[in-house]
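Asker: Got chain H sorted already, so can you dock chain V onto it with the hints?
Protein chains: 2
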Amino acid sequence: MKPRPRLPGEFALIERYFAPLSMGFSGAYGLLDDVAVINPGPGCELVVKTDVIVGGVDFPISAAADLVARKALRVNLSDLAAKGAVPRAYLLDLLLPDSIDEKWIAAFADGLRKDQAEYGLHLIGGDISATPGLVAIAVVALGELPIGKTIRRGGARTGDLIFVTGTIGDAALGLAAVRGTLAGISREETDFLVDRYTLPRPRVPLGPKLIGLATAAIDVSDGLVADLRHICEVSKLTAVIEASCIPLSGAAAALLTDPGILETLLTGGDDYEILFTAPPMAADTIAELSRSAATPISHIGQMHTPLDGQAKVTVLGKNGSPLVFASEGWSHF
Amino acid sequence: MKPRPRLPGEFALIERYFAPLSMGFSGAYGLLDDVAVINPGPGCELVVKTDVIVGGVDFPISAAADLVARKALRVNLSDLAAKGAVPRAYLLDLLLPDSIDEKWIAAFADGLRKDQAEYGLHLIGGDISATPGLVAIAVVALGELPIGKTIRRGGARTGDLIFVTGTIGDAALGLAAVRGTLAGISREETDFLVDRYTLPRPRVPLGPKLIGLATAAIDVSDGLVADLRHICEVSKLTAVIEASCIPLSGAAAALLTDPGILETLLTGGDDYEILFTAPPMAADTIAELSRSAATPISHIGQMHTPLDGQAKVTVLGKNGSPLVFASEGWSHF
Chain H
0 MKPRPRLPGE FALIERYFAP LSMGFSGAYG LLDDVAVINP GPGCELVVKT DVIVGGVDFP
60 ISAAADLVAR KALRVNLSDL AAKGAVPRAY LLDLLLPDSI DEKWIAAFAD GLRKDQAEYG
120 LHLIGGDISA TPGLVAIAVV ALGELPIGKT IRRGGARTGD LIFVTGTIGD AALGLAAVRG
180 TLAGISREET DFLVDRYTLP RPRVPLGPKL IGLATAAIDV SDGLVADLRH ICEVSKLTAV
240 IEASCIPLSG AAAALLTDPG ILETLLTGGD DYEILFTAPP MAADTIAELS RSAATPISHI
300 GQMHTPLDGQ AKVTVLGKNG SPLVFASEGW SHF
Chain V
0 MKPRPRLPGE FALIERYFAP LSMGFSGAYG LLDDVAVINP GPGCELVVKT DVIVGGVDFP
60 ISAAADLVAR KALRVNLSDL AAKGAVPRAY LLDLLLPDSI DEKWIAAFAD GLRKDQAEYG
120 LHLIGGDISA TPGLVAIAVV ALGELPIGKT IRRGGARTGD LIFVTGTIGD AALGLAAVRG
180 TLAGISREET DFLVDRYTLP RPRVPLGPKL IGLATAAIDV SDGLVADLRH ICEVSKLTAV
240 IEASCIPLSG AAAALLTDPG ILETLLTGGD DYEILFTAPP MAADTIAELS RSAATPISHI
300 GQMHTPLDGQ AKVTVLGKNG SPLVFASEGW SHF
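Chains as they are written, first to last, in numbering that gives the first Met the number 0: chain H, 0 to 332; chain V, 0 to 332.
Bound-form chain H, shown alone (with noise of 0.2 Å):
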């Protein structure tokens, strides 16, 4: 009837791998119950979110169970912090098709296990069902900030300016590189990449910290081009970029000799940085908590009041005319 030798069952797995990952959230009732209990704190409220990573599509089938954990919790951590949240709790749903053996279980419970540790959340529920597809993760990360300051897509202002953190387009070299389409770089900086593809660093430190200071942000997972265009989209405005302006690390910079790689950098996604707006009284506090954070923070463009109505995103290339991207960044389907 249901021919699974490889796993143990299912209350046995949440035993011996998932209630350990509850243990000092209370609410979780050590995975014991049908639901888990979460408040926020005092002037606190609660925000959520959730994603879901595919095997195939979002990770490569063959990768390490402990890295797919990982990612599959940090793409959702990422959207707390861009919102200004604290991480605190995640619910887990694992969709396991019968290659999944105990050894895979036990090593993405692992990671799962690093990141709690680092980012300081704890698992509080989940569900693991029988697949005939692939395997996939839908986490749904909750967090908390202060009421009614979470840092919206929509409150950008004309004259603002735009900020993002980190270095852009590293994952999306790191995604050819894995397929095998990256040439002319040294291994070092192809492991980088390839490490900033597979194992993104959400900014969970930095997000709260831009709360009164950014007037929008979203993180950049569809493509730094396509996440600007969302806050465009909701905050009614246009932005204007300068390519020359975007971040890029020492291994992306060197591949820019090939004209489309710049494509690649701005609409591949993955990247998992915080893009921001603020306004330009800003800049100055922008720039120290940048040094007091140890988190890079560059000043890209600046918001504009649509001449014509429309919402979009406009990037200035080297002699000042607009660049052309066939497509803007990822969309799943």
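Errors might be hidden in some of the hints.
[Claimed, not checked] With a cut-off of at most 20 Å between alpha-carbon atoms, the simulated SDA-like pairs for lysine to any residue come out as follows:
| # | chain 1 | residue 1 | chain 2 | residue 2 |
| --- | --- | --- | --- | --- |
| 1 | H | Lys235 | V | Phe10 |
| 2 | H | Lys208 | H | Ser291 |
| 3 | H | Lys113 | H | Phe17 |
| 4 | H | Lys148 | V | Ser25 |
| 5 | H | Lys148 | V | Phe24 |
| 6 | H | Lys311 | V | Leu31 |
If you're looking for bench data, these hints aren't it; they were derived computationally from the structure.
Answerer: Frame of chain H, contents of chain V only:
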């Protein structure tokens, strides 16, 4: 690169079918932001629950999309109800294979719309992903109840009576009917059973009324015996129930002449009734609640201190001797 001619883009789908389901819940931001904000009402706390259903596993791939949507939502609402919570909102992760077309999505969203109206909750976030596998739906339900009042699995005490709402086993027989392995009953009875399998009726209005009455509760999803065992394990007690006291529908009762049917009824699962324990002195209040809420509630057994330390469930047959089943209920593997 991404062949999916049958569906419009992710953002178009959200705007067309899912954003309307968020209207009326301000913290959902019209599904135009990366997170949703939710807070418990005064004196309340939030509970969260997630359950996944997978095509070909939890529902037939050919099932009507609106019913798939409603089942995906309702299995989660059933958990909230059994814990005493009032549903407030939900998140939705959709994994869509190429076989899904826009008509399916439209029907799916329509099913959600109907259930939102019926149960008074809103969609506040989610994710849509392409999958090379089968359709899968993960729902995260959020509800609230008075602080500290969650009806846990572990609160049962020796001497508590065991109660269950509605009738047990109909869905298991309905699944058998769908599979074509059920004979000897009328067309009307078959339709009734299939409907019980297809569209659960979670006890949403009743659940919160059990706060202060029930010492422990769980919804019957894995099977009556298996779920009662979950209560026993966490409460560290043993349970004795009488087969003749298990509430059956007319259709199920008519099939009892087949000696194997009783096991199907008690271990088949998918009932989405509430199984709970309460002290004997609460019996009159529970009978009155059953009348006022127009919800059948049956007394089926009692909790005992285990003589051998084993938390187990004993089902007594007509002659008073224990029945032995091959399996206590559904496991996902």
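Asker: Would you mind confirming whether the straight-line C-alpha gap from Lys235/H to Phe10/V stays at or under 20 Å?
Answerer: With Cα atoms ~17 Å apart, Lys235/H and Phe10/V stay inside 20 Å; holds.
Asker: Within a Cα-Cα threshold of 20 Å, do Lys148/H and Phe24/V meet the stated pairing?
Answerer: With Cα atoms ~17 Å apart, Lys148/H and Phe24/V stay inside 20 Å; holds.
Asker: Are the Cα atoms of Lys148/H and Ser25/V separated by 20 Å or less?
Answerer: holds (14 Å)
Asker: Quick one, are Lys113/H and Phe17/H close enough, alpha carbons at most 20 Å?
Answerer: Holds, at roughly 13 Å.
Asker: Given the hint that Lys208/H pairs with Ser291/H, test it: the Cα-Cα distance must not exceed 20 Å.
Answerer: holds (11 Å)
Asker: Taken at face value, is the distance from the CA of Leu31/V to the CA of Lys311/H at most 20 Å?
Answerer: Answer holds: Lys311/H to Leu31/V is near 16 Å, not above 20 Å.
In the structure shown, no violation is registered for any of the earlier numbered hints.
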